[in-house]
Amino acid sequence: MISTLVALFAIASAPQADLTVLAAASLKAPLNEIARQFETKHPDVRVQISFAGSQELATQINLGAPADAFFSADRAQMDVVVKSGKVEAKQVQPFAANHLTLLVSKSAADRIKGLGDLGQSGVKICMAGEKVPVGAYTREMLKKASAKLGDPWLAQLQANTVSLETNVSAVVSRVELDEVDAGFVYQTDAIQAKKSISRTIPKEWNVRAQYFVAVPKESKLATSAKQFVALVLGREGQTILARYGFLPPK
Amino acid sequence: MAGLPALLLVLVPLFALANRASVATILKVLGQSETQQAIYLSLRTTAIAILIVAVIGFPLAYYIAGSKSWFSRLVDTISDLPIVLPPAAAGIALLAAFGRQGWLGGPLDQMGIQITFTSIAVVIAQAFVALPYFVRSVVEGLRKVDPDTLSAGAMDGASPIQLAMRIFVPQCKGALLAGVLLGWARAVGEFGATLMFAGNFVGRTQTMPLAIYAGFESDLAVAISLSVVLLVLAVAVLVAARLIARQEGDS
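Chains L and F supply the protein sequences, listed in that same order. Its first residue numbered 765, the first sequence is counted upward by one per residue in this note's numbering. Its first residue numbered 5, the second sequence is counted upward by one per residue in this note's numbering.
In short, the hints are calculated from the structure, not lab data. Even for Gly, the Cβ is constructed at its ideal location relative to N, Cα and C. Some hints here could point you the wrong way.
With beta-carbon atoms standing in for the labels, derived distance ranges [as the list claims (entries may be wrong)]: (1) A781(L) with S71(F): 52 to 62 Å; (2) G7(F) with S871(L): 36 to 46 Å; (3) L18(F) with G886(L): 53 to 63 Å; (4) L18(F) with D915(L): 45 to 55 Å; (5) K984(L) with R77(F): 49 to 59 Å; (6) A994(L) with Q36(F): 50 to 60 Å; (7) G110(F) with A986(L): 18 to 28 Å; (8) Q105(F) with R800(L): 16 to 26 Å; (9) K1014(L) with L15(F): 33 to 43 Å.
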């Protein structure tokens, strides 16, 4: 009896450390699952993840936000924190990859069968801003596609763009709510978007989105943070990422 | 002296903001096309929004001020809702009403009228949040109108519109102006509902607060400069509202 009470007390008073993780919005589902696994293995650590556009997270880190790990959806935003000295370049590791897809709302499904249809007038398109990794990838892909589909197509597509979002989840929401006809998102988002339809972007135009992770220099829980990153890079983490449609880093 | 912490809570961030900005940077940022478009859009949309608020808000304030029934008190409370409703919730609510799948937005879309992602959506979001500030101020003003002049006017056989123009508007000029200024200040600062309901696009829906948010992720100089501009406007509005209130008190 007494020993049970002592044990309960020990659990209740066990010092819990909060591991602060900043992660790209597209990683939400798999990273939450990996975090739960991590907490089972390390009951003394609680993983707190903030999901947003990588560019927003990079700005937060540069402004002094505490972070034990940063998961960026592209190299450019990781380089933002490397350049400011918050992250050592040799700490940066790729851990996953992704592709783009065109997410089309149900009501526009018969009008929009592929990229070419985005050049019709009256189509409402939504994409992420140019600093957002998915937005940067989208522009890269559109540039390749316009070589084949033509500059007038690209100009009309740009004129059809009604909103620039700050992360990929916002683009998904706009399409899922049927407020826009189509949006550019990651393949992994399209798998989870239940109300919309995904239109494949041809391989020759698609881009490979490369995700990177690093433990910032000022992390106060660097040991735990490195264990968390190791879990993501290891077999278990990679299996979970693959289940949500992410590709291996190389 | 006991009030010092509260005063510092307001002043320290504002001085820190002013300290971050230099006149040279602000001028440079103000010269950029995107910044100018944001300022122009904000001025244009808030002017329309506050005009709508004044036109539809005055009759509502008139009703609230003139009636003592439980129903008018309910109306009074309802008209205050946008003050306490979080802007993000307002954004979702506006989408539910005016979005392409919304109650009003759906039929309008069928007729080829689009609300979301246009400057109209910006105006609606601004009017939604500004309305209570205007109504509040005008209700107070109307309650101070001398009942004698009112009944005299009514005996003259003046129509409600004539009554409003001849008696109410001149007698609560100050309250009207203060309501316009405070409502306008709230409209200029509208962020959350605009972002969700109107979207974010330069020149069309990216108002000054949205440009600040965009600047936060790409160019901090833009964010700081526009924040300073809004701070200066806010100070000007407050000072003007105070001056008007004082003049009212004197007369």
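Non-conforming hints, listed in increasing numerical order: 2, 3, 6, 7, 8, 9
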